[in-house]
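Q: One letter stands for each residue in the lines below.
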Amino acid sequence: MRGPLLSWGRYPNIPQLAHSVQWPEELAPARDKIFSETGEGALAFGMGRSYGDSCLAQSDQVIAMSGMGRMLAADWTRGVVKAQAGMTLDDLLRLALPAGWFLPVTPGTRFVTLGGAVANDVHGKNHHVRGTFGCHVRRFELVRSDEGLVECSPQQRPELFAATIGGLGMTGIVQSVEVQLQRVSSSLIDQRCIRFGNLDEFFAISAEHDSQHEYAVSWIDCLAVGDKLGRGHYIAADHASEGGLELAANAKLSVPFDPPVSLVNSLTLKPFNSLYYHRQRVKEVCSRTSYAPFFYPLDSVQHWNRIYGRKGFQQYQCVVPHQDGRNLIRAIIDQIAHSGTGSFLAVLKQFGDVESPGLLSFPMPGITLALDFPHSDKNSSLFQRLDALVHEAGGRLYPAKDAHMSAAHFQQAYPAWQEVEARRDPQLLSRFWKRVTQ
Amino acid sequence: MTQKILIIGASSAIAEATARLYASLGCELFLVARNSEKLEVIAGDLRFRGAVAVNTFSMDANELDKLQEMTTAAWEQLGTVDVALLAYGTLPQQERCESSYEYAVAEFRTNAESVLACLTVLSNRFEQQGSGGLAVIGSVAGDRGRASNYLYGAAKASVDTFVSGLRARLHSVGVNVLIVKPGFVDTPMTAGLDLPGPLVVTADRVAEDILRAISRRKNVLYTPWFWRYIMLIIKHIPLVIFRKMKF
Numbered sequence: 001m002r003g004p005l006l007s008w009g010r011y012p013n014i015p016q017l018a019h020s021v022q023w024p025e026e027l028a029p030a031r032d033k034i035f036s037e038t039g040e041g042a043l044a045f046g047m048g049r050s051y052g053d054s055c056l057a058q059s060d061q062v063i064a065m066s067g068m069g070r071m072l073a074a075d076w077t078r079g080v081v082k083a084q085a086g087m088t089l090d091d092l093l094r095l096a097l098p099a100g101w102f103l104p105v106t107p108g109t110r111f112v113t114l115g116g117a118v119a120n121d122v123h124g125k126n127h128h129v130r131g132t133f134g135c136h137v138r139r140f141e142l143v144r145s146d147e148g149l150v151e152c153s154p155q156q157r158p159e160l161f162a163a164t165i166g167g168l169g170m171t172g173i174v175q176s177v178e179v180q181l182q183r184v185s186s187s188l189i190d191q192r193c194i195r196f197g198n199l200d201e202f203f204a205i206s207a208e209h210d211s212q213h214e215y216a217v218s219w220i221d222c223l224a225v226g227d228k229l230g231r232g233h234y235i236a237a238d239h240a241s242e243g244g245l246e247l248a249a250n251a252k253l254s255v256p257f258d259p260p261v262s263l264v265n266s267l268t269l270k271p272f273n274s275l276y277y278h279r280q281r282v283k284e285v286c287s288r289t290s291y292a293p294f295f296y297p298l299d300s301v302q303h304w305n306r307i308y309g310r311k312g313f314q315q316y317q318c319v320v321p322h323q324d325g326r327n328l329i330r331a332i333i334d335q336i337a338h339s340g341t342g343s344f345l346a347v348l349k350q351f352g353d354v355e356s357p358g359l360l361s362f363p364m365p366g367i368t369l370a371l372d373f374p375h376s377d378k379n380s381s382l383f384q385r386l387d388a389l390v391h392e393a394g395g396r397l398y399p400a401k402d403a404h405m406s407a408a409h410f411q412q413a414y415p416a417w418q419e420v421e422a423r424r425d426p427q428l429l430s431r432f433w434k435r436v437t438q
Numbered sequence: 001m002t003q004k005i006l007i008i009g010a011s012s013a014i015a016e017a018t019a020r021l022y023a024s025l026g027c028e029l030f031l032v033a034r035n036s037e038k039l040e041v042i043a044g045d046l047r048f049r050g051a052v053a054v055n056t057f058s059m060d061a062n063e064l065d066k067l068q069e070m071t072t073a074a075w076e077q078l079g080t081v082d083v084a085l086l087a088y089g090t091l092p093q094q095e096r097c098e099s100s101y102e103y104a105v106a107e108f109r110t111n112a113e114s115v116l117a118c119l120t121v122l123s124n125r126f127e128q129q130g131s132g133g134l135a136v137i138g139s140v141a142g143d144r145g146r147a148s149n150y151l152y153g154a155a156k157a158s159v160d161t162f163v164s165g166l167r168a169r170l171h172s173v174g175v176n177v178l179i180v181k182p183g184f185v186d187t188p189m190t191a192g193l194d195l196p197g198p199l200v201v202t203a204d205r206v207a208e209d210i211l212r213a214i215s216r217r218k219n220v221l222y223t224p225w226f227w228r229y230i231m232l233i234i235k236h237i238p239l240v241i242f243r244k245m246k247f
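Chains as they are written, first to last, in my numbering: chain A, 1 to 438; chain B, 1 to 247.
A few of these clues could be false.
To be verified - Listed next, the in silico DSSO-like pairs over lysine-lysine satisfying Cα-Cα at most 30 Å (straight line):
| hint | chain 1 | residue 1 | chain 2 | residue 2 |
| --- | --- | --- | --- | --- |
| 1 | A | Lys-82 | B | Lys-38 |
| 2 | B | Lys-218 | A | Lys-252 |
| 3 | A | Lys-311 | A | Lys-434 |
| 4 | A | Lys-33 | B | Lys-38 |
| 5 | A | Lys-434 | A | Lys-378 |
| 6 | A | Lys-378 | A | Lys-33 |
| 7 | B | Lys-246 | B | Lys-235 |
| 8 | A | Lys-434 | A | Lys-270 |
| 9 | B | Lys-218 | B | Lys-235 |
Hints are computed from structural coordinates only; laboratory data are not their basis.
Computed from a predicted structure; not experimentally measured.
With the hints as extra help, turn the sequences into a complete structure.
A: What follows is the structure in structure tokens.
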């Protein structure tokens with residue numbers, strides 16, 4: 001749908017003028033036009049699923065990539081595909097799954113582009129086994145204002161390869177991506193859902209089960225306090241060994257307009273979280289489900305971001321190292337629970353130690369917590385307290401979700417930022433990058 | 001049975017979106033467009049999307065002397081053509097049309113004359129074949145000439161009138177003729193225009209409507225549907241008022 005583009009959280013609410021491209025040769029002219037007319041940096045824009053300002057251009061004019069979604073090559077015997085960077089993971093799955101291949105790593109929405117997956121080095125529920133998306137990228141083509149078309153791989157231009165993975169679109173416009181898929185024998189998922197009553201139980205279950213499963217994630221009730229703090233559901237899962245390669249249907253539900261106030265508020269939050277926790281009566285349930293509800297529960301409702309109303313929302317996602325991580329996560333949840341705000345559910349997961357090739361990759365060995373907050377001026381004092389805890393522990397925040405982190409925290413948490421800045425395409429700049437580096 | 005689809009102007013956004021839907025149904029496609037490199041990329045993509053075979057033919061819409069060669073190649077390749085879609089066009093700048101009749105005539109040639117020529121050649125093939133359907137992309141702009149784009153409107157209106165007669169001619173032999181009238185579609189052709197956001201739809205949405213209309217053998221498709229009513233109102237604005245309107 002045309003119209004000014006916004007980021008997913010719609011905060012900051014800065015509409016972006018889109019320059020649509022259909023073909024690779026249109027990329028450089030679109031970038032040149034934006035840069036010469038505004039004197040500010042342009043940015044490639046995919047599906048706009050980044051929450052904060054990392055998908056907003058400093059010039060407020062972006063190169064819309066969704067018309068560049070063609071498959072260029074596919075080797076279904078080895079599971080290697082090459083596609084234009086505007087192809088969505090949804091589209092890629094549609095082509096790959098019937099051939100018996102699945103995404104090696106998938107974030108919680110399939111409506112992101114390959115270019116966006118590279119730029120944010122996205123991760124998923126199998127981080128403890130397979131690392132980030134960037135670990136499975138074999139090569140990509142980058143369009144730069146100073147060098148033209150550059151092909152990058154771990155062997156060819158390795159410094160640019162590393163700077164681009166997780167590089168937030170600063171090192172050039174990704175034109176095409178070649179990625180290694182993972183073989184599956186079914187589109188179904190065998191899942192095991194275990195209810196836990198508090199954070200200590202979570203760590204015990206996670207330690208016992210994570211290593212035995214491809215996927216592991218937990219949903220927690222971030223409003224429970226005291227000895228129930230951190231209660232929730234742990235879900236471990238694997239691709240089923242049989243059951244056909246059926247594609248999931250796309251969303252039929254939609255949030256058609258912005259409610260005047262956020263539907264996520266103090267009246268709705270507590271009952272929902274409590275109900276969700278209690279929906280599973282027994283401690284452990286095993287079931288088989290399609291991949292879509294397991295990986296992409298929110299994709300079943302189009303425009304779900306509208307439930308937060310016109311003011312939008314902010315996501316807070318941090319990672320803290322394992323050492324003392326348990327106490328830190330407890331302290332963070334405690335702060336959130338007492339603030340009375342937050343989202344229906346928070347996501348908790350332990351990252352593994354598979355290293356990403358990217359310089360600015362967010363995941364590190366440790367524990368990650370993610371949850372949404374309806375945008376409000378009151379968030380900033382809570383976020384300040386949380387940021388202090390995270391940074392003191394040597395943790396960091398996820399740029400793809402961020403609209404608030406300070407330059408000092410960013411630069412401390414991502415010491416390689418200067419290497420990326422040195423390789424930044426001078427005609428590209430996001431509002432996020434400007435905010436945290438300049 | 002595999003459906004055989006001929007698409008002329010295959011690199012337009014609406015045509016490519018439509019071709020993807022046909023590919024996912026396992027059809028065989030024959031694509032015609034000016035730029036052979038782009039055609040090859042599109043053809044490759046459609047093969048991955050499930051098309052059983054994709055062949056291409058490169059020609060400019062105004063190279064009328066290539067029309068016979070193109071249709072012969074298409075029929076030789078496909079055997080029977082179940083659907084032929086004409087989807088090329090440009091969006092002339094109205095102001096330039098007013099200052100330069102050469103430009104205006106050249107644009108009219110691309111958007112009207114070449115379409116009539118192509119339909120003439122195709123219709124004879126379809127008449128011989130005695131089956132299948134022809135679909136042509138027109139525009140809501142062809143329903144009434146407006147100050148802001150009357151050259152484009154005139155070209156589309158001439159296609160509309162031509163198609164109306166052609167439909168009556170081919171009806172008796174069992175060939176259906178559909179005219180598609182899209183409203184505002186988010187495509188490169190409309191990039192940079194200041195269009196009312198809520199009325200703008202994606203090429204994918206239009207493609208779904210086109211597929212459905214072709215399979216149901218419709219005669220006229222407004223897409224999205226509400227344009228039928230918008231244009232009904234616009235067509236009935238009294239002339240004394242309409243002549244003062246600059247939209």
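Q: Now tell me if each hint is right for this structure.
A: Verification of the supplied hints:
1. Distance hint between Lys-82(A) and Lys-38(B) is fulfilled; the C-alpha atoms sit about 17 Å from each other, no more than 30 Å.
2. Restraint check for Lys-218(B) and Lys-252(A): satisfied, since their Cα atoms lie roughly 26 Å apart, inside the 30 Å limit.
3. Of the pairs offered as hints, the one joining Lys-311(A) and Lys-434(A) holds, with about 23 Å between alpha carbons and a cut-off of 30 Å not exceeded.
4. At most 30 Å may separate the alpha-carbon atoms for a hinted pair to count; Lys-33(A) and Lys-38(B) meet this at roughly 23 Å.
5. A distance of roughly 24 Å separates the Cα atoms of Lys-434(A) and Lys-378(A); the hinted pair therefore holds under the 30 Å criterion.
6. Restraint check for Lys-378(A) and Lys-33(A): the C-alpha separation of about 40 Å exceeds 30 Å, so the hint is violated.
7. For the proposed pair Lys-246(B) and Lys-235(B), the alpha carbon gap of about 15 Å is at most 30 Å, so the pair holds.
8. The suggested pairing of Lys-434(A) with Lys-270(A) is violated, with an alpha-carbon distance near 38 Å, which exceeds 30 Å.
9. At roughly 22 Å between alpha-carbon atoms, Lys-218(B) and Lys-235(B) fall within 30 Å of each other, so this suggested pair holds.
Going through the hint list in order, the structure does not satisfy hints 6 and 8.
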